[in-house]
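*Asks:* Chains as they are written, first to last, in full-length UniProt numbering: chain C, 1 to 283; chain A, 1 to 283.
Please note: incorrect hints may appear among the correct ones.
Just so you know, same-sequence chains aren't split out, so a pair can sit in one copy or run between any two.
Heads up, simulated EDC-like pairs for lysine to aspartate or glutamate below, C-alpha to C-alpha not over 20 angstroms straight-line [stated by the list, open to error]:
| id | residue 1 | residue 2 |
| --- | --- | --- |
| 1 | Lys174 | Glu27 |
| 2 | Lys278 | Asp203 |
| 3 | Lys278 | Asp225 |
| 4 | Lys278 | Asp35 |
| 5 | Lys278 | Asp217 |
| 6 | Lys227 | Glu259 |
| 7 | Lys42 | Glu88 |
| 8 | Lys249 | Glu259 |
| 9 | Lys278 | Asp62 |
| 10 | Lys278 | Glu223 |
| 11 | Lys112 | Glu25 |
| 12 | Lys86 | Glu177 |
FYI, nobody ran anything at the bench for these hints, they're computed from the structure.
There are 2 protein chains.
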Amino acid sequence: MRNIVIVGLGEMGASLAKILNEQPENEVIGVDVNDDSLSYAKNNNIVSSVASDLDMVAPQADFIILATPVTYIEDNIRKLASLPLKQEVIITDTGSTKRDIMAVAEEVLTPKEIHFIGGHAMAGTHQSGVMWANESLYKDASYFLIPSSISQTIDIQNILEPISANFMSISIEKHDELMAIISDVPHILSFSLMNTATNQLGDSATFGQYVAGGFKDMTRIAESDPKLWTDVLLSNKEAILSSQALVIKQLQLFSQAIENNDSATLMTLIASAQHSRKNLLLK
Amino acid sequence: MRNIVIVGLGEMGASLAKILNEQPENEVIGVDVNDDSLSYAKNNNIVSSVASDLDMVAPQADFIILATPVTYIEDNIRKLASLPLKQEVIITDTGSTKRDIMAVAEEVLTPKEIHFIGGHAMAGTHQSGVMWANESLYKDASYFLIPSSISQTIDIQNILEPISANFMSISIEKHDELMAIISDVPHILSFSLMNTATNQLGDSATFGQYVAGGFKDMTRIAESDPKLWTDVLLSNKEAILSSQALVIKQLQLFSQAIENNDSATLMTLIASAQHSRKNLLLK
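This is chain C alone, in the form it adopts within the complex (with noise of 0.2 angstroms):
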């Protein structure tokens, strides 16, 4: 029997902690800071058992998925370099941004041979808490996974395997970079789009029956948790201030054209976005 310490009920640990509980080799145990998350993942058959503290079931585990918002990664990273844990074990975490967790994971974790991969599912919706724990959340989703220096990643994706993603190993510069123009950059548009439109037109109550599917599509990710996107923006900050000032050169292009009249430079720019856009889905 494999132990599995999942810590963090929310919508990725629980769709986690569900599809590997249903493995008849595993047990998988819950931790939360909650009690309601804890009894919901036990009544509902998420998880096998529960516990509140990390502290009391990780010296048992086998594989340990830290899944709690970034800075509490780096806390249990640090709780767990001090307890007396199996030898074999290996520790992974669900964690946005990369760079902080695994320099941590490096000062803690490597100096007593504790194997430790970070990874981070290209998954995961506008919801959050235990009840949105869902069998398919990983399906064909991008799982990249980030070798620390004394870590293989193969043990692990056996492991997931039943999750269906697809793995990729990667180093934590590129994920950083990816994740910077991908994801931290698209929201900050979304945000400053948001804010400009209601700075200029008033509550956006009033000026949201006029607005077409664009702005809607373009303002979804604007409706994000300002804590959890705060600690992200935070902790990718070189990658993201890189990506971002290309972007705001590309936005002045845009409006260097536009003040010249210069039509040929607008259908260039605009044509393209139009190819790169219809090619993105292709694969």
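Start from chain C and add chain A according to the hints.
*Replies:* Chain A only, in chain C's frame:
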């Protein structure tokens, strides 16, 4: 019998034609440069009759709708000014920017006391062509009406009543300012994000496998038509440049806060975007 001439049987014009042609008091005549569009419209009862030249049918018209791309709308307004029209004819258009169109109408139609009212519906999909004629395209959509110096909007609202849109009178300036921030600048943001991601990451067919819903939403309108959007952006210059400058300022507030690890400012900026987005679709 009311004679309605609709010039341009694309999605917008053909949908108007289809609905209006079903009313017993109307006879809709379709005009288009494309013969296939004309025969499709005739064969599918989208129109009652067709003509390849506006000159031939305009003199009998009670109501004329110009539903071509913006630049051709202006050409057709000039052409109409030179034709012998019925004294009570009302002319309208469906162009997404209004300043230049209204200026041409005031220049050539107002002196002859020909009634022109600008129109712009917040409807339409990414589809184009007569086969996308859709009876519910305008249902509950905002439909802006821009009076010219000699025209009221009441008659046109009566004629267009069967499309079940929400009609609103608005000035040219207010219309173009509103469009800049709810439609034009969002398109530029989408084009710019798509181009920057491609410049940074290479072929979109390859990095497309990593992207999640947020990036897909934010780039959906980047697939819009280059010729059409070049025209739109150039026909609403001032309003777009000023809204875009405000968006860039907002982006720079984010950059600064990230640079300074200023989580309080980030929380405030994101929370206000979240609040506005939540209220956007309340009414």
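*Asks:* Evaluate each hint against the coordinates.
*Replies:* How the hints compare with the structure:
1. Taking the shortest Cα distances, Lys174 and Glu27 never come within 20 angstroms of each other, neither inside one copy (34 angstroms) nor across copies (63 angstroms).
2. Taking the closest pair of Cα atoms, Lys278 and Asp203 come within 20 angstroms of each other only across two copies (11 angstroms); inside a single copy the shortest separation is 35 angstroms, beyond that limit.
3. Taking CA atoms no more than 20 angstroms apart as the test, Lys278 paired with Asp225 passes between copies only; the shortest distance there is 12 angstroms, against 30 angstroms inside one copy.
4. In this assembly of identical chains, Lys278 and Asp35 lie within 20 angstroms of each other by CA distance neither inside one copy nor across copies; the values are 47 angstroms within and 29 angstroms between.
5. Taking the shortest alpha-carbon separations for Lys278 and Asp217, both the intra-copy value of 17 angstroms and the inter-copy value of 13 angstroms come in at or below 20 angstroms.
6. In this homomeric assembly, Lys227 and Glu259 come within 20 angstroms of each other (Cα to Cα) only across copies, at 17 angstroms, whereas the closest approach inside a single copy is 39 angstroms.
7. In the homo-oligomer, the alpha carbons of Lys42 and Glu88 never lie at most 20 angstroms apart, since the shortest distance is 27 angstroms inside one protomer and 75 angstroms across protomers.
8. Both within a single protomer and between protomers do Lys249 and Glu259 lie at most 20 angstroms apart by alpha-carbon distance, with minima of 15 angstroms and 18 angstroms respectively.
9. In this assembly of identical chains, Lys278 and Asp62 lie within 20 angstroms of each other by CA distance neither inside one copy nor across copies; the values are 44 angstroms within and 42 angstroms between.
10. Proximity of Lys278 and Glu223 under a CA criterion of 20 angstroms is satisfied inter-copy only: 7 angstroms between copies versus 26 angstroms inside one chain copy.
11. Taking the shortest alpha-carbon separations for Lys112 and Glu25, neither the intra-copy value of 28 angstroms nor the inter-copy value of 86 angstroms comes in at or below 20 angstroms.
12. Within a single copy, Lys86 and Glu177 get their C-alpha atoms no closer than 34 angstroms, and across copies no closer than 64 angstroms, so neither meets the 20 angstroms cut-off.
The structure is inconsistent with the numbered hints 1, 4, 7, 9, 11, 12, although it conforms to all the rest.
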